[in-house]
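Visitor: Hey, can you work out the whole structure from these sequences and the hints?
Chains as they are written, first to last, in the numbering used here: chain S, 1 to 322; chain P, 1 to 368; chain B, 1 to 236; chain E, 1 to 312; chain R, 1 to 253.
It is worth saying that the hints were derived from the structure and are not from the lab. Beta carbons are placed, not taken as given, at the ideal position from N, Cα and C, and that holds for glycine. Nothing false has been slipped in among the hints.
List time: in silico SDA-like cross-link candidates among lysine to any residue, alpha-carbon distance up to 25 Å:
#1 R/217 to B/169
#2 P/146 to S/7
#3 P/50 to E/255
#4 P/360 to S/148
#5 S/164 to P/224
#6 E/288 to B/56
#7 E/296 to R/115
Computed from the model, here is a short list of chain S residues facing chain E with C-beta under 8 Å:
#8 109
#9 113
#10 114
#11 124
#12 128
#13 129
#14 255
#15 259
#16 262
#17 300
#18 302
#19 303
#20 307
#21 310
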Amino acid sequence: MTDLLQNLINGLAIGSVYAIFALGYTLVFSILGIINFAHGAVFTLGAYFTYTLVVGQFENNGLIKGFNLFPAGSPFHGTPWAFALAALIGATLSGLVAVLIERLAFRPMRARGADPLLALVSSLGVALVIVNLIQILVGAESYNFPPDIYGDLKPALILHVGGKLIVVRTVQVIIFAVSMLLLLILGYVIGRTRTGKALRAVAENPGTASLLGISVSRFIVITFFLSGFLGGLAGTLVSTAFSVAGPYFGVTYGLKGLAVIVLGGLGSIPGAVVGGLVIGLAEAFVPSQYSAYREAVAFALLFVMLLLRPQGLLGQRLIQKV
Amino acid sequence: ADKVATPVPIGIGVAQTSNTALLGQEQVIGARFAEKYINARGGINGTPIKLVFQDTGGDEAGAINAFQNLITKDKVVGIVGPTLSQQAFSADPIADRAKVPVLGPSNTAKGIPQIGAFIARVSAPVAVVAPNAIKQALKLDPKIKKVAVLYAQNDAFSVSETGTFQDTAKAQGLTVATVQKFLTTDTDFTTQVTAVLNENVDLVIVSGLANDGGNLVKQLRQLGYKGSIIGGNGLNTSNIFPVCQQYCDGIIIAQAYSPAQPSANNQLFVKEYTAQYKKAPPQFAAQAFTGVQVMVDALRILDRKKKLADWELSDLRVALNTQILAGKYNTPLGAISFDKEGELNQAAFYVAQIKMKDAKTGTFVFLK
Amino acid sequence: MALLELDNLSVNYGAVQAVRDVSLTVEEGETVTLIGANGAGKTTTLRAISRMVRASEGHVRFAGRDLARLPPDEAVRLGIAQSPEGRQVLARQTVEDNLLLGAYTRRNAAEIRADLERQYRRFPRLRERRTQLAGTLSGGEQQMLAIARALMSRPKLLLLDEPSLGLAPIIVLEIFRIIQELSGAGVTMLLVEQNARLAMQNSHRTYVMEAGQIMFSGMSAEMVNDERVIQAYLGG
Amino acid sequence: MDFLQTYGFLIVTMLQQGLLGLSLYFPLMAGQLSLASPGFYALGGYIAAIMLTSPAFAGWRDALGGWIFPLTWVLAALASALLGVIVGVPALRLRGIYLALATIAFVQILQVVSLNLDITGGAVGLFGIPQAFGFEDRWQYIWIFLPLTVLVLLFARQLERSRVGRALRAIREDELAADAVGISPTRYKVLAFVIGAALAGIVGAMSAPFLNTWNARQGTFDASIAFLAYTLIGGSRSLWGPLLGGALLSSLPELLRGLADWRLVINGLVLVVASLYLPQGIVGALSKLRRPVPPKRPPVAPPPALPLGDAP
Amino acid sequence: MSAPVLQIRGLTRRFGGLIAVNNVSFEVQEGEIFGLIGPNGAGKTTLFNLMTGLTPPSSGTLLYHGADITAQPPHTIAEKGIARTFQNIRLFRSLSALENIKIARHARTRAGLLAGVFGRDRAEERTVDERAWALLDLVGLSSKAGQEAQNFSYGDQRRLEIARALATDPQVLLLDEPAAGMNTSEKGELTAFIRRVQQEFRLTVLVIEHHVPLVMKLCDRVAVLNFGELIAVGDPASVQRDPKVIEAYLGGS
Ligand SMILES: Nc1ncnc2c1ncn2[C@@H]1O[C@H](COP(=O)(O)OP(=O)(O)OP(=O)(O)O)[C@@H](O)[C@H]1O
Ligand SMILES: Nc1ncnc2c1ncn2[C@@H]1O[C@H](COP(=O)(O)OP(=O)(O)OP(=O)(O)O)[C@@H](O)[C@H]1O
Ligand SMILES: CC(C)C[C@H](N)C(=O)O
Ligand SMILES: [Mg+2]
Ligand SMILES: [Mg+2]
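Guide: Following this line, the structure appears as structure tokens:
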């Protein structure tokens, strides 16, 4: 019973990390039908941006080692609100980077009518550039936020239930809450509003959308900004839980993130969250003697899901009328 | 046929890009430092050395390319590298067939020196180093009974290390209550940690790399684990300080290297290194330094027999290999030598415990 | 001043010149028919007006304004709507959402509702299918949807590309009734039709297009009796 | 000689990666974007590595001598083809990006399995693999990779010209219409998939000795994406595309070696710029320069009336 | 007119709550040109889809020369001799006109993978080529043989699609609104063309068409669908006079 509960908590916790990563990932897919591998890099960037604001300097390696950008006593450090401000600025910067990426790496391709799959390659190139630039600038090691960024919150809540421990990490609760909140906001905007309908029209057929008076390029910019913003925010949050684990930090989520968004339904916003949680739970419930195979769980689920229900849990079926 | 160039080129083929760069980064620093240190002391009997760096990346093909460049284009006399054992299995045979001596600075997997006559290493295999940590932990806390073992299943070296840890633990009469696996790319370890907590163990042994290992320790402590922690070789770097911060405190790590090693050689090395980098040399840097030093020491002897500039490159490489295996060296690792296969004989190993001064800075304190 | 004015318009697809040197005007409130054989360049002409293709030469002027660099969505904002060839319904959205998106450029929710109701009255079949995904509609149903959707933007200029295509006779009559009604309400229309007789009966003027060029034009009432037209388009 | 010594490995790697790019091309002929090749590549490599190192096969090695190598290729091809059928039949009901993702999942699953088996050497992998035909230097591997490349190119070209090639193209263009004119989509999709799988398996078997070691890091998600890049940057509509793309992209980091730290940054930029400016891939861009030749009518005079066909 | 080629027995197809084709039964005789008309959404295209295996029926059976072919896969049905065109043209868009037709010879040729790769298919390829050119001549597109199908105008695409269907050597040809997008004179030409093809190839033709004069002129018999149900079958003149048909389909006049 307590095992079950603990697994549940663990699963939801890991799952919400997946979910929060996947939100921005799936957003871009939903509108452009492309998988943006640079999302992982933007996620990483968000963490580095916020870290730079909060701490101000990098120590051991890289071109800007020791260079103090925000000397001690920076306004972004000390209270939870100051940290929140830094995180928002970090996310905004990430959003802008995403817009820049769209401008430089995707838009010209659309204009030339290239194979949308090429966006995969191009975004991979962008990811490579960002990751290696980070390494050149600040080195490959990880950085950690100061322990007090969430103020006096205790790191974890530890319950004793029937002689066994149940652990709930505070950061995880924060991440879970934020991803749910984002889900609600995004879900509302996309599912219920005129903007959302237009967004879906752009996603389905940009040509037709523009024939209806929808400005395709504006919607794409907005989408990328949002995706980058969410990615950057997610990066910051996740790194407060674990550390800014080097330049490859976010990129490693890219693959698992794929499984998440497919499971939930490619391009579906609630799907990203549900997919994340399902995979998190599935992984948490792998019995420990099979833990070696845990990494395969997400992909096994993905494979089976694709065979049984390619549109994913919450995705819409593609219909084809002859 | 080629002559030996001056300054004498020595190849460094380690990971400067990719995920593995985190470790390679320290090796680069150690080697660079060695070059400066040695040339400041007259190089090889007056002839300076010149290190040639070729990035291996993190994969096998990258290591082969780097080695091949070093061997034929850069015409190095010997190579220190690569970073990972898996890369060594791929690239070392290339050097071996080309009859170029290789010193593995960090390859700890089983079977490395056996790749060929030209392959040796300055990194002691896990089977030799790891057991010391458990013995030390028991010395610190004789009441330890139950152990949890965790390891990164996608890292070759962690996998072999955990085997040694588990065997030693059993040999010392401890019960291995749970074995948990993770990936070097993991960031969330709640699942593993709760499994550990629920077993009520008194000792946790972690084999992984710096990021994941550090995070794991941090989460263990945050979630209330109070017992002892042993970290494997991958955690043996000050890079983990920013990861687990104050939670790093108390991790016991078996060392192939200790800044506290008392030899005069080491103390000088530590002094100058610290003066330059503002921190004590980490193991990977010290081992890379040692690799370069061993090559140079061996070259000095050869140079005395016949000036290096007069050697045919290919002859020198062969002679260098023989000389490396034959010699005894006073290095930061202490007095070392090699057996005939190229396996390292190292006199002393160390066990250190991390002491954190504040969230960022800490030291490895060596235990007696 | 003519509401729509094409001035020596040419359009290329790669090496193919689909429209060559076309000049044509549509006065405010006028309905103009464009007829021509398959491949004559009619669709291309319409697409150039709605900015879906770029003109390689010449100008498109709408209400005196040159549309040269305008993106298609801006053209819609200016009041140009098109019921395109191939219908182009949004297959994954419902019939009703398709219609509402037709009114994307408009803001007044009450008016939009009223117009939606009007379309449903015109095409009862669409009301029946309101919640069905547009991609699963039959060909003719999609055609109705495309026309209704174009009407939802309350255009000043309506471009209809073969509106009767695939429709049952009874609906074809309905379409032309609607064209009459719109015309009565002052909507300007440019109509491409294969059903040339009906189109001419319901329009003011007619242009005949061949191989990318305008061959001749005239008042529709006279064109119906023109030998050349009868020969080529009315089946002698 | 020095040139071959230094760059021989690179040159053979270019061929090897080009071949892997080609392994994607076969399913792509039928419009199927399969990224499963790294899985079959890994499988082929393991088969060769096991046969060449495991004591269980010592007898075979002694008996067969150098013939053991071709045998590893054949077995790798067969095993990959078999696995290809098993995976392909269900997976090929998917299209486009969905198939790509399913095949990536397949690759990942295979990787986790190989990390956990004893026979594959777990995470350390298998090492000390004997050299094919006693090759001493990397460049000598050109003697097996080059003939394979030539054979595969010939095979692919002939295939494209044939009835089966047409059927694949038809499926690529419109599966449903192809079905309606009498082409069984499943059958031909699986066929193309299996050809690609077998090729990747053979390349893996040849690569194990070439790399000296084999482990679970061969044939991963990264490789899937790399192969995709080969195909798209090279040009997915011509068999030269994936070959060229594989050769160029795999050599890029090496050509940029001089840039040290910056080489991967530049590598990334090259990927972006190539995607932007070569939307049809390199070969696509080149073939634009040539005007397509209009098909020539067979010399016989067209019969005045239509033949009634050769079927009843 | 002899034995029935096609016997449709109680075919029904539901989409969720919607009954697109409702218990439809009729027979088509060998060599006739059979018209299928009805309002938009009456189920005509769906009926074609049922007959060609693209959509499995919810119930009912389909007999071809007396044999049950219900729910067989499309390629099997095509092989047996039923070919079709699509209401929304489905050509192999980026292939040339010639290729489009050669592909459709698939079911009538044999060369397998190995034969193709080893060049043992020369003779067969030659006849494929000849046939394809002849069909292009027939539809008047030989001069555009090398052009990509997607660059053809609508009317040319329709012609090409018919040629592609003929290339499968069908006995039964299903045409879904072949005259859509053609002007009156072109429709006239098309009528003549269908007749000619029907005779030369000894085909049975089913045609869905909204252009009533064409249907009347072309068809031997006509069936009328409304809301998925068969409301009339018979010769064109009598169907045209049927009040049910007038009300549902023809309107006013
Ligand atoms: N995307 C395209 N690429 C290349 N050529 C094209 C393209 N679209 C149309 N064409 C060519 O341009 C010419 C004009 O085509 P368009 O579609 O405008 O004719 P249309 O008069 O509308 O014919 P239809 O009555 O058949 O619809 C034709 O020759 C056609 O083949
Ligand atoms: N896949 C599907 N899902 C849901 N409804 C469908 C589907 N396919 C067809 N329908 C519905 O079935 C009905 C019949 O469609 P069908 O295409 O057969 O009509 P049709 O008689 O060919 O009409 P038209 O003359 O307009 O082409 C339509 O109302 C259509 O909306
Ligand atoms: C850098 C180290 C973690 C490498 C490891 N010792 C190995 O042999 O692979
Ligand atoms: Mg047109
Ligand atoms: Mg229809």
